[in-house]
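Engineer: Here is how the chains run, residue by residue.
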Amino acid sequence: MAAAQAVQEMRTRVVLGEFGVRNVHTTDFPGNYSGYDDAWDQNRFEKNFRVDVVHLDENSLEFDMVGIDAAIANAFRRILLAEVPTMAVEKVLVYNNTSIVQDEILAHRLGLIPIHADPRLFEYRNQGDEEGTEIDTLQFRLQVRCTRNPHAAKDSSDPNELYVNHKVYTRHMTWVPLGNQADLFPEGTIRPVHDDILIAQLRPGQEIDLLMHCVKGIGKDHAKFSPVATASYRLLPDITLLEPVEGEAAEELSRCFSPGVIEVQEVQGKKVARVANPRLDTFSREVFRNEKLKKLVRLARVRDHYI
Amino acid sequence: MEEDPELERKISGLKTSMAEGERKTALEMVQAAGTDRHCVTFVLHEEDHTLGNSLRYMIMKNPEVEFCGYTTTHPSESKINLRIQTRGALPAVEPFQRGLNELMNVCQHVLDKLEASIKEYKDQKASRNESTF
Numbered sequence: 001m002a003a004a005q006a007v008q009e010m011r012t013r014v015v016l017g018e019f020g021v022r023n024v025h026t027t028d029f030p031g032n033y034s035g036y037d038d039a040w041d042q043n044r045f046e047k048n049f050r051v052d053v054v055h056l057d058e059n060s061l062e063f064d065m066v067g068i069d070a071a072i073a074n075a076f077r078r079i080l081l082a083e084v085p086t087m088a089v090e091k092v093l094v095y096n097n098t099s100i101v102q103d104e105i106l107a108h109r110l111g112l113i114p115i116h117a118d119p120r121l122f123e124y125r126n127q128g129d130e131e132g133t134e135i136d137t138l139q140f141r142l143q144v145r146c147t148r149n150p151h152a153a154k155d156s157s158d159p160n161e162l163y164v165n166h167k168v169y170t171r172h173m174t175w176v177p178l179g180n181q182a183d184l185f186p187e188g189t190i191r192p193v194h195d196d197i198l199i200a201q202l203r204p205g206q207e208i209d210l211l212m213h214c215v216k217g218i219g220k221d222h223a224k225f226s227p228v229a230t231a232s233y234r235l236l237p238d239i240t241l242l243e244p245v246e247g248e249a250a251e252e253l254s255r256c257f258s259p260g261v262i263e264v265q266e267v268q269g270k271k272v273a274r275v276a277n278p279r280l281d282t283f284s285r286e287v288f289r290n291e292k293l294k295k296l297v298r299l300a301r302v303r304d305h306y307i
Numbered sequence: 308m309e310e311d312p313e314l315e316r317k318i319s320g321l322k323t324s325m326a327e328g329e330r331k332t333a334l335e336m337v338q339a340a341g342t343d344r345h346c347v348t349f350v351l352h353e354e355d356h357t358l359g360n361s362l363r364y365m366i367m368k369n370p371e372v373e374f375c376g377y378t379t380t381h382p383s384e385s386k387i388n389l390r391i392q393t394r395g396a397l398p399a400v401e402p403f404q405r406g407l408n409e410l411m412n413v414c415q416h417v418l419d420k421l422e423a424s425i426k427e428y429k430d431q432k433a434s435r436n437e438s439t440f
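Listed in order, the protein sequences are those of chains A and B. With the working numbering as the guide, the letters of the first sequence map in order to residues 1 to 307. With the working numbering as the guide, the letters of the second sequence map in order to residues 308 to 440.
Hints are not guaranteed to be accurate.
As a list, the in silico DSS-like pairs of lysine-lysine whose alpha-carbon atoms are at most 25 Å apart [stated by the list, open to error]:
#1 A:220 / B:386
#2 A:270 / A:292
#3 B:386 / A:224
#4 A:294 / A:270
#5 B:429 / A:47
Derived by calculation from the structure, the hints in this document are not laboratory data.
Model the full structure from these sequences, guided by the hints.
Structural biologist: Shown next, in the form of structure tokens:
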């Protein structure tokens with residue numbers, strides 16, 4: 001029975017030992033374990049698999065995937081980072097730039113600005129095609145000139161009062177529709193995602209006047225095309241207490257983990273530790289620094305539960 | 308012990324255009340002389356660990372496959388060598404195709420489940436917002 005349990009542990013848990021991590025690789029391939037049928041079965045996969053969305057808002061999505069392997073979960077993560085297309089500024093035609101910021105630096109900054117446009121409605125630009133057509137390019141205009149404010153107080157030193165238009169934000173970018181884009185996209189839908197990204201700073205007499213072409217691209221080509229700030233995953237933590245922990249040791253144990261993971265309850269007058277919510281733990285492995293407690297706990301991760 | 312094996316390059320120039328953008332993958336098959344079609348190395352151009360590891364996992368799950376592994380030739384070159392060896396005399400192309408199809412099914416299923424889950428989350432949120440009125 002102990003052997004069966006050990007095999008089960010090896011198959012389903014990645015164990016964090018004191019000095020290293022064990023059972024990292026997936027071993028459940030057909031033929032490795034006798035008594036287990038590991039051949040691929042789409043129906044069994046579909047029965048065991050589930051996706052639960054934990055949090056979803058405009059800027060972030062957190063969900064759990066249970067029943068899938070690391071190879072495929074990682075492939076999804078890599079694809080999110082590098083192969084989902086977006087629109088971003090690629091070519092900048094500078095008519096006038098008398099600001100302190102060099103042309104190429106300004107062009108680089110403009111390329112990194114996220115654009116609110118659905119890339120599925122656009123095509124990729126063909127290689128060597130210099131002039132953009134309406135099906136693959138978006139045009140934006142940025143024209144800002146800084147002047148001195150004639151109504152400012154005599155001895156103020158606040159730049160917000162002294163100068164007009166001295167900070168160039170993304171809200172100064174205007175969309176210039178090409179061809180029939182004005183019919184396809186209603187007013188206000190094609191814009192930078194955030195209005196308040198600072199592009200450059202100016203002083204009186206300086207001007208920026210440029211035209212930007214946005215094309216569709218993928219993150220593999222240049223990181224500006226990556227649609228996510230980041231995409232990451234972790235495995236669900238699994239903490240088991242090998243023996244019941246009581247009294248002072250219980251308090252110490254709860255301090256070794258992130259708050260909320262271990263709960264100390266009063267049972268029959270004694271304080272007993274219980275694993276309340278292992279999901280919150282960040283696995284700092286503090287418990288291994290404590291001589292008494294490290295033998296009482298097994299830290300592991302569930303191999304097929306991705307958060 | 309083996310002298311230089313003569314590699315017969317059978318370039319079965321399969322040009323498949325993948326769904327992601329303009330990249331075209333050229334697929335080559337390389338076989339060592341003297342073996343029949345059950346141990347084959349496939350060279351996939353313009354691919355990396357994203358497809359390599361997940362495809363390797365799906366092919367290994369096939370009980371007919373004795374060995375499956377992949378490697379990136381060099382980080383500057385964007386291609387992978389995927390080797391499949393089957394038990395018995397099954398031609399290696401068959402688990403390769405089956406692995407690709409199974410991977411597509413998995414991804415389709417994950418997509419369906421994710422969309423259903425997102426819709427459910429949004430419905431739940433909407434009903435919770437309504438119930439506070």
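Engineer: Tell me, which hint numbers fail for this structure?
Structural biologist: none
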